[in-house]
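Chain residues, written in single-letter form:
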Amino acid sequence: MKGRLLLATGILATVGLSLLPFLWFVLTSFKSQTEIEAAPPAWWPSGSLEFYRAALFDHHLFNYAWNSALVAGSTTLLALLFAIPAAYALARLTVPGKQGILALLLCVSMFPQMAIAGPIWRLLDSLGGLNQRWGLVLPYVALTLPLAIWILASFFKELPPELEDAARVDGCGPWSILFRITLPLATPGIFTAAILILIYAWNEFFFALLILTQPEQQTLPVGIALFQGEFTMPWGELAAASVVATLPLIGVVLLCQRWIVSGLSAGAVKG
Amino acid sequence: MAELELRHISKSFREQAVLRDISLRVPNGSFTILLGPSGCGKSTLLRIIAGLEVQTAGQVLIDGNEVDHLPPAERDIAMVFQQYALYPHLSVRENLAFALKMRRAPRHVIDDRIAEAAQLLEIQPLLDRKPKDLSGGQRQRVAMGRAIVRKPKLFLFDEPLSNLDAQLRTSMRIELKKLQQRLQATMIYVTHDQVEAMTLGDRIVVIEGGRIRQADDPQRAYSAPADPFVASFIGTPPMNLWEGTLEAQGTNARFHAGGLMLTLPAQVRSALPPHPSTLTLGIRPEDISLENVPRSLPVEATVELIEDLGADLLIHCRVDQVKLVARAYRHTGISTGGKIRLFLPVNKLHAFLDQRRVDLPPITVS
Chain A
0 MKGRLLLATG ILATVGLSLL PFLWFVLTSF KSQTEIEAAP PAWWPSGSLE
50 FYRAALFDHH LFNYAWNSAL VAGSTTLLAL LFAIPAAYAL ARLTVPGKQG
100 ILALLLCVSM FPQMAIAGPI WRLLDSLGGL NQRWGLVLPY VALTLPLAIW
150 ILASFFKELP PELEDAARVD GCGPWSILFR ITLPLATPGI FTAAILILIY
200 AWNEFFFALL ILTQPEQQTL PVGIALFQGE FTMPWGELAA ASVVATLPLI
250 GVVLLCQRWI VSGLSAGAVK G
Chain B
0 MAELELRHIS KSFREQAVLR DISLRVPNGS FTILLGPSGC GKSTLLRIIA
50 GLEVQTAGQV LIDGNEVDHL PPAERDIAMV FQQYALYPHL SVRENLAFAL
100 KMRRAPRHVI DDRIAEAAQL LEIQPLLDRK PKDLSGGQRQ RVAMGRAIVR
150 KPKLFLFDEP LSNLDAQLRT SMRIELKKLQ QRLQATMIYV THDQVEAMTL
200 GDRIVVIEGG RIRQADDPQR AYSAPADPFV ASFIGTPPMN LWEGTLEAQG
250 TNARFHAGGL MLTLPAQVRS ALPPHPSTLT LGIRPEDISL ENVPRSLPVE
300 ATVELIEDLG ADLLIHCRVD QVKLVARAYR HTGISTGGKI RLFLPVNKLH
350 AFLDQRRVDL PPITVS
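Residue numbers (numbering that gives the first Met the number 0), protein chains in the order written: chain A, 0 to 270; chain B, 0 to 365.
What the hints contain is simulated information worked out from the structure, not anything from laboratory work.
The structure presented is a predicted model; accordingly, all values stated were derived computationally and were not measured.
Beta carbons: idealized from backbone N, C-alpha and C, even for Gly.
Please note: incorrect hints may appear among the correct ones.
[Said to hold, decoys possible] Estimated spans, in silico, between C-beta atoms of each pair: (1) A:Leu103 x B:Ser9: 31 to 39 Å; (2) A:Phe178 x B:Asp20: 34 to 42 Å; (3) B:Glu73 x A:Leu103: 51 to 59 Å; (4) B:Val194 x A:Gly9: 20 to 28 Å.
Use the sequences and the hints to build the structure in full.
In structure tokens form, the structure reads like this:
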């Protein structure tokens, strides 16, 4: 009993602590300019929506959100498109040096961003991808692929191989096994990978800042960070914009949650 | 329906030989059992027949045609897996239809075949359920249904009953036998359970160490095992087997194994080598008699343990250091620790020389 109480307190404290900055931003976004500058700070906002209006319309937030949606959406789709066959091959087919390839993938994702920023910039420059939204999608796909392949490969490995044997006897080749048997059963893994890619691409700041310099093409994190105030830092607008930028992500995660149920393969083999 | 022939099949995984020179002919309509302990290569052999595994050497022929270059789907075989392998995201109906759909069979053919199989297996009420909502026995039926709807040339079963509890296994065994008689299909069935093998098959192929030890009808495999392995593998409790030496003693022969000594009559001796040699002698527990029967060898033994199985008793005895099990049908005042006289009928003895069976001549006079 005492242990459970301690556990509950610990959990609450951890959750509270990690949510605190976000909570403060949410509160700030509903304040008025005077409340923000008040000392001692005003804890409870008056519920003003002025910052939201300013963020959305004066700072062209919709434009940034649209860019983010395009970039993050196509990154997710493209990364999955490449990761699914790659992961399936690494999980199930006879590929020489399979373990080596998986280890290499892990190593690739360990490079610090700074180390690869220069080469990526030069590559995109020669490809004509600078200041193009697809120029941002390209490195995003490359950077998220290792993680996606690892997640998917481990999901594919979990599926009973007998199912694939049965499918082969029933007349499936590798591609139809993938599409008719493996993919429907690996839906939780696919959604997990998709959400992680989406979150990465939606929140990524460094490459977005490096590659896109035109405000018309910039994504939410960069757009918000570069909000210009006349004399001061526009804290209220920043807070409101951050809340708006987070909402779609939360929505997508909640929406996809019902797909991320494990145990979907129950009943395939002896339960 | 079809005939299967295996010619000199060998299989190695990384230098490790799993199957060695397997040749076998499975006639049309036969129910052939591949029987062996786990790891003997019997499942690998089944997978090679199915085309899920490629042999290192040798040929697989179905109806006289070599099928080695064909993928599993084009061999016209159906396989029932140990873990059922039902597609969990499809309903029972879709599971049954899957292979036919892959072959682009017309809608009405698929519907007819499903209805037929569902009726045969009594799974009509389950057609719209998902595999996870079925019991073990029901899943087993669906797995069989998936094979039946195909009307394949060959049915392959990979230990299909091993995941069911004992009672269900017995009833499914009987149903499977009836099914085979009804379909008149050629079936190959892998199991490590010798009771399944004896009851289901019209032919048993005993495999051990990647080799065929004996391919025979069940009764012969039981009454005339080809080597000591088959003798001990088929039958519960297993046959008593003693490795010992054989010496001439006048016109008779004397067999020694530890403290066990048997004097074999002259007629038996004539079938065995004339010089002193090592010999394995065996007798089934149920062939040992507690009463003096004609033409039998008496043995004095100490009772170590009595297992009462209800219908009969298993008497575990010891002659010096040599163990011996006899099956008796009633309690005859035997008690643990007591002495007992057992009689081994000469005509029920099995002899093995250099791991091969030696047929002993029937003894008519004592």
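Evaluated hints:
{"no.": "1", "hint": "A:Leu103 x B:Ser9: 31 to 39 Å", "verdict": "36 Å, holds"}
{"no.": "2", "hint": "A:Phe178 x B:Asp20: 34 to 42 Å", "verdict": "40 Å, holds"}
{"no.": "3", "hint": "B:Glu73 x A:Leu103: 51 to 59 Å", "verdict": "37 Å, violated"}
{"no.": "4", "hint": "B:Val194 x A:Gly9: 20 to 28 Å", "verdict": "57 Å, violated"}
Violated hints for the displayed structure, listed by number in ascending order: 3, 4.
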